[in-house]
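Asks: Okay, here's what each chain looks like letter by letter:
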Amino acid sequence: MNRVLVRGLFAVAVAALPVQLVVREVGSEPYPGLYQPSFGGTVAEGLDYQTYEPLVTVIERDGTERKVDYRDVLPPTPVLPLSVFRSAFEDDKRSQDPQTARWLRSRLLVLDPGSDPQSATIEWVRVDRQIGSTRSQVAEVAKTVVLDVRGG
Amino acid sequence: MAVARAALLSRFDRWVDSGPFTARDLAIYRILFAVLILVRVPRFRIIDAYPDSLYHPPPGPFLLLTGFPPAGTMVGIEIALSVVLVALALGYRTTMASIAATLLLLYGYGTFYSLGKIDHNIFLVILPGVLLFARWGDALSIDSVLARRRAAGLRRAPVTTIPQWPLRLLAVLIGLGFLTAAIPKIFYGWLDPRTQAVRGVLQKEYYVNGRTDLLAPYALDMSSRFLWELGDIFAVAIEVAFIVCVIRWRAFRVVIAAAALFHLGVLLTMNIFFVSNVLVYGAFVSWSALRPVKVPPGRASPLGAARPVQPVGSTWWHIAAVVTIVVGGAGIWGLRQVASFPPTSWMIMIVGALVSVWYLARQVIRLLRHIVVRPREIDVRDRGRRAVVADGREVEDDPTPASTSTRQP
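Those protein sequences? They're chains D and S, same order as listed. Our numbering applies: residue 89 is where the first sequence begins, and numbers increase by one. Our numbering applies: residue 4 is where the second sequence begins, and numbers increase by one.
Pulled out of the complex, with its shape left as it was, chain S reads as follows (with noise of 0.2 Å):
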């Protein structure tokens, strides 16, 4: 019992700890999220314009407050936000730019939600707070930087490996965050063949909320029971198929590509954006693949970490990167105040469909070669076991060569 209590165990944190991503692959990412971020940071201040007799807080840390904080209360949050972010951007003390990320969003959110209605967008706070476990600070960064300096200093090589397991932690409290949605729809007969849920959804976003524009009054015209009744079944299964796909990244990446395509299918017809999902999904992709270079799974960059040392006082460093991240971020933050950004929503929505496209396109291409065309090599890696196929033979891996067997094929 114990023997197999601990082979169980073994085996779920060898999974934990599988994963293709990289230094590279987060700091690219981190990146990325900063700045959407810092160009979409809400204007949490509105919620001035409401009476504290109207604050109604879902339960939670908000029942302890009695009403909506002050205007100049709010402005400080995305002020300070706006400058956490560019802490973020540029990658100094992420960790600590991190967490206030997190908390800083869970606020600003939790005074929006206390009118009375809860966005779920609640992937996108929580993700700064997981990633920084994942130490995406690691590349591209001036911790980076200042970790080398550190290294040099001390004569020892800076650590150029990133834990998988917060990636797969992220997969899977998305998957469940899911089935929170998925199971109610069960339960409230999404897939009984008489009811036309999705339909009804659309009509009521129309009629009754408003959400007319776009491919919406062509998606209300349409009167196919059959086809409706698919729009019920697919929504129900793509919500299940995140916690399953969990197991595999390849099939996560295919339910959140083709999750991304169903969000903006939704915004098409219901006009509902569903951002903040999108803009999370992209920590799953291989950002450094657009890179020429390929970088080995689960290691930093080679060129950053082989980056000579710059003779810089660590005290300068800092003072530069202070005077940066405060004087940007309360920049932009003003800048925003009196300019207009592009529309990142649409560009978010967009971007990430192409993605999506794009990696569903490369899995049906390479399950067509398996199928069609007789490889002459084969990484079969995503398998559990790797495996080379040379000329046709198949050869089982093991890491004593006297006992590999092979076999025709």
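With the rest of the complex left out, here is chain D (with noise of 0.2 Å):
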């Protein structure tokens, strides 16, 4: 190949560099790009860190309540299934498109095929932990999804 090229092609894989780390501390990682996991976000104070977490609660035509594990609502997926439920029910967008209710009514029937969800919040806890401690506690409700998930 044309030692020119060669050159140009080390040089623009380095150059690339600062702009990729830009382009993510000010937007969000693009794809394809030349990125490795940082985990920037998860280091902890001392002892204390806290996680983010969604708590979904349906509520059944007769009333009752109950709760499910965000992981069961999925279905099989590639990735981290906590990120692709934030993906789909922190941004309102997604979260309260039609056919996104229809879809989690959808789940909610595998799930339970028996039953007739009427609706479904999904709580975003910040939740306070501590390294070498099982201990958790619920700091706050950051956020609250509701999705009517009535058939019909």
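Please note that a few of the clues may not be correct.
Stated by the list, open to error - Footprint (simulated), chain S over chain D, 3 or more residues, beta carbon under 8 Å: (1) 116-126; (2) 136-150; (3) 160-170; (4) 203-212; (5) 224-238.
What the hints assert, rightly or not - Straight-line alpha carbon distances no greater than 30 Å define the calculated BS3-like cross-link-like pairs of lysine-lysine that follow: (6) D/Lys181 <-> D/Lys155; (7) S/Lys120 <-> D/Lys231; (8) S/Lys120 <-> D/Lys155; (9) D/Lys181 <-> S/Lys207.
As the list claims (entries may be wrong) - Label pairs and their in silico Cβ distance ranges: (10) D/Gln138 <-> S/Asp16: 49 to 55 Å; (11) D/Arg190 <-> S/Val326: 26 to 32 Å; (12) S/Ala342 <-> D/Thr209: 19 to 25 Å; (13) S/His321 <-> D/Asp179: 22 to 28 Å; (14) D/Gly151 <-> S/Gly75: 26 to 32 Å.
Since the hints were derived computationally from the structure, they do not count as laboratory data. The C-beta atom is built at its ideal place from N, Cα and C for all residues, glycine as well.
Each of the two chains sits in its own frame; use the hints to bring them together as a complex.
Replies: If you want it as structure tokens, here you go:
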């Protein structure tokens, strides 16, 4: 291959590094992109750290409530389930789309075929945890998403 | 100024062109790579279980689509990828197969990542597109057989050297990729002794993401702040080491060997598979060193070059190859729908770790021999100059024998 082209390839690869870092910091990670996982936001100060998790509550036609694990709601997923769930139900545009509600109802019926879910509430909670301890405490409900999943 | 610039560029070119990789090394790796991916082709069609309202592509070309592709399209991608990987394994139209493999993997994984999370297997995706320039189809391949026929017909010797720069480029890309991970870690305080970054990641994976298998519970119980801080430092250090050690092939190989062991440790304690990275590191292994006959660096296998040409019409070669590849690829895809294949992820991680331990042990033994034993003859090409130590005297390499100097050690 042409010598100048080879040098150019190396130069482009190196020059792309700061651009990639800025793009990820300012916006979000593009694909395709030459990245590896940074786990940048998971550092704990001392022994305390926080996580951000979903609590799913389904209300049936007869008024009963049942808690559902978010992992059970999802079909087989090729990537981390929490990330998929967050992408789906943390963003208002995606979570409030009627197609999302219909899909969620179908998933809840897969979990419990005899049920008739009317609404699903997803509470995004901030959980305080401590390194070296199994204790955790829900510090606050950061966001609540309610979906109308009635059939028909 | 111009002279200095020319000298710098010349030095860069020599560095880029230097390497120990032979056509056979890359050929063996090509076959391993293609076969291992072939038995692990993802079920891209599972994306059909998600509605288009959840389509959340990352910045990039997938923004051009408005939703997930239909299941039929993704099944087609799976079959096409299987066929292309068989072509790659057999070394038929290796250039086109390499490009197709990269594009199909890019597309297939891109649909997965449009669920809102990117898994970082980009090295594996781009690898075929990079190594095609190293002519990884030049040996142990249908292409090489056909090339010898053409060369014989034109009464010229087939090309036997392979370019080294694609391997160097791949190494640089890996180094830069890992820097995108190391730099944020440094800025977010991973090296701060007050923070317990690795421990925090482990706990999150355990309690939030449900990764509780293997050694995760035992790792969770480890309370030594010193060891956890060492873990933080090691994680950052190894990610930086890739780009630093890319300068020398031996140093880079030491880093990827250590990284393969690190990935195994992450798998055991956090249940996170980095199979794609370990698979990519295999590109830098001298697979032909397993042969009894040593092949000079940069040259193709002499056995391959000397094999007599078969008097078979090339048209029949092409027809037979295409039929085999299409039937084989589709057949293997079909077999995977009804039968379960062995867990290759574990196999790749364990074999990667074993090869790494073997390589690191060799480096330690080599180092000890340098320090402890006075060798009769040492090949020091990896120090950037060739010198022969004979009976304790060191002779500096020089193309003009008259200017050769000797000195007592």
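Asks: Hint by hint, note whether the structure agrees.
Replies: Right, here's what the structure says about each hint:
1. With 11 residues having a Cβ less than 8 Å from any Cβ of chain S, the region 116-126 of chain D passes the three-residue criterion, so the hint holds.
2. Only residues whose beta carbon comes within less than 8 Å of a beta carbon in chain S count, and the region 136-150 of chain D has 3; three or more means the coverage holds.
3. Three residues within the 8 Å Cβ limit are the bar, and the region 160-170 of chain D against chain S gives 8, so the coverage statement holds.
4. Residues of the region 203-212 of chain D lying with their CB closer than 8 Å to a CB of chain S number 0, which falls below the three-residue condition for coverage.
5. With a threshold of 8 Å between beta carbons, the proposed coverage of the region 224-238 of chain D by chain S is violated, since 1 of its residues qualify and at least three are required.
6. This hinted pair checks out: lysine 181 of chain D and lysine 155 of chain D have alpha carbons roughly 24 Å apart, not beyond 30 Å.
7. Restraint check for lysine 120 of chain S and lysine 231 of chain D: satisfied, since their Cα atoms lie roughly 21 Å apart, inside the 30 Å limit.
8. With a C-alpha separation of about 25 Å, the suggested pair lysine 120 of chain S and lysine 155 of chain D falls inside the 30 Å cut-off, and the hint holds.
9. For the hint pairing lysine 181 of chain D with lysine 207 of chain S, the CA-to-CA distance comes to about 28 Å; that is within 30 Å, so the pair holds.
10. Remark: the range hint 49 to 55 Å for glutamine 138 of chain D to aspartate 16 of chain S is upheld by a beta-carbon distance near 51 Å.
11. Range check, arginine 190 of chain D to valine 326 of chain S: about 46 Å between beta-carbon atoms, so the 26 to 32 Å window is missed.
12. Between alanine 342 of chain S and threonine 209 of chain D the Cβ separation comes to about 43 Å, which falls outside the hinted range of 19 to 25 Å.
13. A hinted range of 22 to 28 Å for the beta carbons of histidine 321 of chain S and aspartate 179 of chain D is inconsistent with their spacing of about 51 Å.
14. The beta-carbon spacing between glycine 151 of chain D and glycine 75 of chain S, approximately 42 Å, falls outside the hinted interval of 26 to 32 Å.
The structure shown violates the earlier hints numbered 4, 5, 11, 12, 13, 14.
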